[in-house]
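*Asks:* Top to bottom, those sequences are chains A and B. Mapped onto the numbering used here, the consecutive letters of the first sequence carry residue numbers 13 to 335. Mapped onto the numbering used here, the consecutive letters of the second sequence carry residue numbers 1385 to 1674.
FYI, nobody ran anything at the bench for these hints, they're computed from the structure. Check each hint, because a few of them may be wrong.
Below, in silico cross-link-like pairs of lysine to aspartate or glutamate (DMTMM-like), each with a Cα-Cα straight-line distance of 25 Å or less [claimed, not checked]:
| # | chain 1 | residue 1 | chain 2 | residue 2 |
| --- | --- | --- | --- | --- |
| 1 | A | 146 | B | 1659 |
| 2 | B | 1568 | B | 1503 |
| 3 | A | 146 | B | 1406 |
| 4 | A | 146 | B | 1503 |
| 5 | A | 146 | A | 226 |
| 6 | A | 146 | A | 91 |
Here are some chain A residues pointing at chain B (derived, C-beta under 8 Å) [unchecked claim]:
| # | residue |
| --- | --- |
| 7 | 29 |
| 8 | 33 |
| 9 | 45 |
| 10 | 150 |
| 11 | 151 |
| 12 | 154 |
| 13 | 158 |
| 14 | 159 |
| 15 | 272 |
| 16 | 275 |
| 17 | 305 |
| 18 | 309 |
Beta-carbon label-pair distances, calculated as ranges [unchecked claim]:
| # | chain 1 | residue 1 | chain 2 | residue 2 | range |
| --- | --- | --- | --- | --- | --- |
| 19 | B | 1665 | A | 103 | 45 to 53 Å |
| 20 | B | 1560 | A | 17 | 20 to 28 Å |
| 21 | B | 1569 | A | 241 | 50 to 58 Å |
| 22 | A | 59 | B | 1418 | 55 to 63 Å |
| 23 | B | 1421 | A | 324 | 45 to 53 Å |
| 24 | A | 111 | B | 1434 | 45 to 53 Å |
| 25 | B | 1499 | A | 40 | 45 to 53 Å |
| 26 | B | 1565 | A | 101 | 58 to 66 Å |
| 27 | A | 130 | B | 1665 | 24 to 32 Å |
| 28 | B | 1574 | A | 40 | 43 to 51 Å |
| 29 | A | 36 | B | 1575 | 26 to 34 Å |
| 30 | A | 245 | B | 1499 | 50 to 58 Å |
These figures come from a predicted structure and were not determined experimentally. Glycine is no exception: its CB is placed at the ideal position from the N, C-alpha and C atoms.
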Amino acid sequence: MFSTLRWSAGRVLSALLTLLGVSVIIFVAVRLMPGGFEDIILGPLATDAERAALVAAYGLDQPILVQYFAWIGQVLQGDLGMSLVTQTPVATELALRIPVTAMLTVMAILATLVIGIPLGVWTGVRSTGRSGGKVARVVSSLGISVPEFVLGSIVIYVFSRFALGLQVGGFSQVGESFGATLQALLLPALVLTVFCVAATARTTRDAVMNVLVEPHIGAAVARGETPWYIIRHHVLRNAGIPILTLLGTITAYLLGGAVIIETLFNIPGLGSFMVTGLDRRDFAVVQAAVLFAAAVFVTVSLVLDLLTSAIDPRVAVTGKQKQ
Amino acid sequence: MTTYSLPVLRRGARTPKRPPRDGLFLTAVITLASIVGVALLARIAPIAGDPAKIVGPRLSAPSVQFPLGTDGLGRSLLARLLEGVGTTLVLSAFAVLCTAVISVALGLLAGYVGGWLREVVMRVVDVLYSFPSIVLAILVAAVVGPGQTAALASIVLVTVPLMTRMVSAAALAVAQRDFVTTAKISGVSLPVILVRHILPNVSGTIAVQGTYALSVGILVEGGLSFLGYGVQLPQSSLGLLIQEGGVYMVHAPWLLFGPAAVLVIAILAINLIGDTLRDRLDPRETRSLT
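All chains should be modelled from the sequences, with the hints used to inform the complete structure.
*Replies:* Below you can see the structure in the form of structure tokens.
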């Protein structure tokens, strides 16, 4: 018990350290970029004095350490600052965009849980059949091999060329009726789902196959328990940890994949916010959005790790799960 | 003083039986080899013509004269595709080589030495992994300027965390074995232990992770060039060609489907090779439930 507590505290601490590291890197990186937001606002004809005045107005001429601590102090108080280019609070803009990306993510994760895990269990249990195993191998490998920008382009082609009824890239208004938003997000979510489902099916299949060779499964078969009963009571419980770990990978994929998909389908979400912020050299926007995305990922990994140690206390003692 | 060279423990030694012939693996290897071969041949000899030369009317459909059609400027897509495949593969392979060197060095040290060194390496790796990969790539491109260098650095930064973690975990497992302890007690120096005793025993992990890193590298290059931050015109790369294909897709869908097919086939082949390497490294039994 004590070791679990100690391990959990260490894990929380390292998550905070990670976020600190992310904040330093993103802060320094945006200042290393050539060009600046003042070029976007003032245009090419501005004099050097005008540029300097604008930069000074935002305190960007101060020593970098002073700037960093001022920013971190604000963030810790819940103030994400003002966009340098649009002059709106970053928090307001984020609040409009986060639900869009969150909806995309939830749709993809739901599909993953409903399709990916059963598919993985099924192919894992039936893996002894030679030809079936090969088909499953190729299909699931294909699923993780098609990049989202390729699948997205193809989906756009198919649905716009042959008018299949679903609208492509017509995300008109943030805060539009829920049904319209859902409909506009259906295709992008579908594209993101393919990778998630395939990755989940692969991991689940491996986890199931690893559990199947354990002696207690042999004992269960010998006792005459039905396959379905064995799967539910013996296999899934023991295959749970790799599947939990995978959800972390999927979160990372969705946060990154969303950037490309949102650009491709013109969706005003978190990903496109980061890209436009980077293009405009809008420091405040980039820092806030990237820190937010990293915070989501770090929190998800932390929760998953804590869950893993709750399921299998050996993790906290030995630092690794049973192979 | 003499040092004793201890026998290298090979995983394969316990299963002397040759793995069964695997048609899928063979197909993947042949496919990948021919893609690489043709792309490299196109670099040396102009088998498909000059990719920069305007050879015919714009957007003409695939025909005998233009096997994959022509692009928006009337250049032969086949020539540009071969150039693009070459750029993408060479760039990704070189980046993965860099990743392998960095990850193996960091992973071996972190796994074997452990302690604070392991903590520091793992925290740095965690920080890199917490950035959404494509955002990290765009950030790199914004700092160093779009182009091949940006793509290269991005691939390295995205793949290093994945590979370092796996190598360090594998090195940690080997570091606890008796023959490593014996070597340590008999006074073998740190570099020799790392290179002679640990490295050979984690080489399987390195091979598997290197293969997967190559497919991630191609994905990152593709995504970055697709968004316009990677390889720049007039050069060509698979991501760039797919982006261009997207522009003309209603009038000339072959400009999208040709490069897309090659990209997907290459990544699929690499992933299948990675899977097979992994299964051979860690053979397992199967059991049926009835």
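*Asks:* None of the hints should be skipped; say for each whether it holds.
*Replies:* Hints, one by one, checked against the model:
| no. | hint | in the structure |
| --- | --- | --- |
| 1 | 146/A x 1659/B | 12 Å, holds |
| 2 | 1568/B x 1503/B | 22 Å, holds |
| 3 | 146/A x 1406/B | 10 Å, holds |
| 4 | 146/A x 1503/B | 41 Å, violated |
| 5 | 146/A x 226/A | 23 Å, holds |
| 6 | 146/A x 91/A | 53 Å, violated |
| 7 | 29 | 6 Å, holds |
| 8 | 33 | 4 Å, holds |
| 9 | 45 | 5 Å, holds |
| 10 | 150 | 7 Å, holds |
| 11 | 151 | 11 Å, violated |
| 12 | 154 | 6 Å, holds |
| 13 | 158 | 5 Å, holds |
| 14 | 159 | 5 Å, holds |
| 15 | 272 | 6 Å, holds |
| 16 | 275 | 6 Å, holds |
| 17 | 305 | 5 Å, holds |
| 18 | 309 | 5 Å, holds |
| 19 | 1665/B x 103/A: 45 to 53 Å | 49 Å, holds |
| 20 | 1560/B x 17/A: 20 to 28 Å | 26 Å, holds |
| 21 | 1569/B x 241/A: 50 to 58 Å | 52 Å, holds |
| 22 | 59/A x 1418/B: 55 to 63 Å | 59 Å, holds |
| 23 | 1421/B x 324/A: 45 to 53 Å | 47 Å, holds |
| 24 | 111/A x 1434/B: 45 to 53 Å | 51 Å, holds |
| 25 | 1499/B x 40/A: 45 to 53 Å | 28 Å, violated |
| 26 | 1565/B x 101/A: 58 to 66 Å | 59 Å, holds |
| 27 | 130/A x 1665/B: 24 to 32 Å | 29 Å, holds |
| 28 | 1574/B x 40/A: 43 to 51 Å | 33 Å, violated |
| 29 | 36/A x 1575/B: 26 to 34 Å | 32 Å, holds |
| 30 | 245/A x 1499/B: 50 to 58 Å | 42 Å, violated |
Checked against the numbered hints given earlier, this structure breaks hints 4, 6, 11, 25, 28, 30; the rest are met.
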